[in-house]
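From just these sequences and the hints, can you work out the full model?
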Amino acid sequence: MITDFFLGRYPFLFIALLLVIGVYGMMMKRNFLKKVIGMTIFQTAIYLFFIQGAKKTGASIPVYSVDLGSASDAYMNPLPHVLVLTAIVVGVAITGVAISLLLVIYRRFGTLDEARILEQMRESA
Amino acid sequence: MSHIPVLIPLSLLVSSLLALLAGLRSPGWGHKISLGGVSASFLFSLAGIRAVLRDGMPLRYALGNWPPPVGIEFVLDSLGAYMTGIITFIGVVVLVYAPRSLARETPGREVYTYPAMLLLLTGLTGISLTGDIFNLYVFLEIAAIAGYALLATGDRAAPVAAFRYLLIGSLGGGFYLLGVAFLYFSAGTLNMADLQARLPDLVENRAVISAAAFMIVGLGVKMALFPLHFWLPDAYTNAPSAAAGLIAPLMTKVAAFAIVRFFLDVFPPSFLTEALPLVSTVGWLSAGGILFGSVMAVAQKDYRRMLAYSSVGQIAYVGLGLGMANPVGMVGGLLHILNHALMKGCLFLIGGSIRYRTGITQIAEMRGLGRLMPWTMAAFVVAALAMIGIPPTAGFFSKWYLILGTLEAGNWWWFGVIILSSLLTAVYFFRTVEMIFREPEEGDPVARIGRKRGAGVTGVGPSPEVQLGLGGATEGEREAPLSMLLPILVMGAAILAAGLLNVAIVNGLLAGAVAHAGG
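Protein chains in written order, with the working numbering: chain A, 1 to 125; chain B, 1 to 519.
None of these hints come from the bench; they were simulated from the model.
Since the structure is predicted, the reported quantities are computational estimates derived from the model, not experimental observations.
Glycine is no exception: its CB is placed at the ideal position from the N, C-alpha and C atoms.
Treat the hints with caution; some may be incorrect.
Using C-beta positions, here's what the derived DEER-type ranges look like [said to hold, decoys possible]: (1) V82/A x P200/B: 24 to 32 Å; (2) M28/A x D302/B: 28 to 36 Å; (3) S270/B x T86/A: 27 to 35 Å; (4) P78/A x E204/B: 26 to 34 Å; (5) R107/A x R206/B: 42 to 50 Å; (6) R107/A x T273/B: 50 to 58 Å; (7) N205/B x P62/A: 25 to 33 Å.
Structure (structure tokens):
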């Protein structure tokens, strides 16, 4: 009973777990770099959600072949994979901006620890 | 096939790249090319509005000549034309304003600021025009990334505020993307028109309902819907004035517009009704946001921070209009996008001019500014009256439609919220106006500036006139430079014009788009 539940849904459960881990890292970790790591995990979980949704058993690559004809079941749907590629590019750009912001923050405050940065900001204000 | 829909974002994107290349060789050219690109885009937007009004039907453009739903299409309908008109108008005004302000606040970084501003505008116009929900995600993140970069160039604390915005913004983008996945896997298409045709059969589908919920949360973060607004005040307060003047009027509005677009043009009409509490939840959260933002704005001492909290309250009017789920209320919400973009853009630019001329950011130090910068402060009064909602300024009319909407929806709580928040807005703006038009006292920053400049010119001891900055100093020296003053005056005039022309805007562009809402 319980095994059936997990076997049928383990990709979703795994993805949900990754999402939760990512959000936990972004919200609860005190170090800014760890927050970025959490953000990356969160984004990866979304990519995996697209990939598992596109899963098709026994399908070929999406290149037309004479043997398989034009039956839609015979080919993978390439669109979700293309979307994930685009989303990865967006994710890389966001991570890049995040890390460059962290560089500026580290140069100005000498730390990436949220509490210590807030302390310094309060002192200067 | 008309090329106008694709030319609006494309001229921004291309000039953004050219402006960076030219700017690296000579900074002046970076600004000239940016201004040219935005002006071209503004003209294309005007042509788009004209074409939509003339034909009464949307202009469609299939990218790469791949017909939808296989390819991505850009749709310039009346709402899209309305939004691109607002975005590019604010873009032109802010780019005229930007050089002097940026040179003072972030010297040496202008070369990179203009391309980022153009990328931001590219993303925002793209969101307004695209007919593809995944394409919307990409434009959403283009705008967001450019916004993070712009906000981070400000004060010492700006990178921290921008980083926090980045975290919460990418969380919002991620939720939106999850919603896209849910919709695609249940309906099998990404095209908005195609989705609208297919979704009515899937109204009971739980994946579609969760998709709607995910998208509202994701876009709600981007539009700073209460209680997801907490990134906004810090980010706006620490940003350079020109960047804040560009981001504050546009960024949250366009996300709000995207939510409205989804309920009008993607989700089946039944999603708007009481059967699903999605829209009414947005409405109630907005009502909370209006009160929260207004109360917090009253408590602020920093001018920019007051405006930021006021933005939290004002953007919620758009959500409130959607929450009413009737055409009148939605017209009010959509009209408020234009009005608030003009008002808040004007107010942030005024803040930048005050900072440029005097270095003041605290409201308590503003005593005497009315004598020092009369034209700027006249525009401030117009914008403040519009924020409160006094006719014939623009702010009155959107609130009028919103109040009619609450009456039609029979929701007296929301009626009370609008009235109460208008009173609170009056409190925090009259407080500022009173401060500005008071006589400066000995030791005030404004009096110091006036004396220093006056004494230098006349060479005698400070007389009362000189103390007020009236003796010796010429008009131009007391006001901000013309390239900063003119945009403010144009915005002030636009606030009045938008108020007087509101019937034409509503009948021409908005009424038709929302006619089928709520039946």
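Evaluation of the provided hints:
no., hint, result
1, V82/A x P200/B: 24 to 32 Å, "holds, 28 Å"
2, M28/A x D302/B: 28 to 36 Å, "holds, 30 Å"
3, S270/B x T86/A: 27 to 35 Å, "holds, 32 Å"
4, P78/A x E204/B: 26 to 34 Å, "holds, 30 Å"
5, R107/A x R206/B: 42 to 50 Å, "holds, 49 Å"
6, R107/A x T273/B: 50 to 58 Å, "holds, 54 Å"
7, N205/B x P62/A: 25 to 33 Å, "holds, 26 Å"
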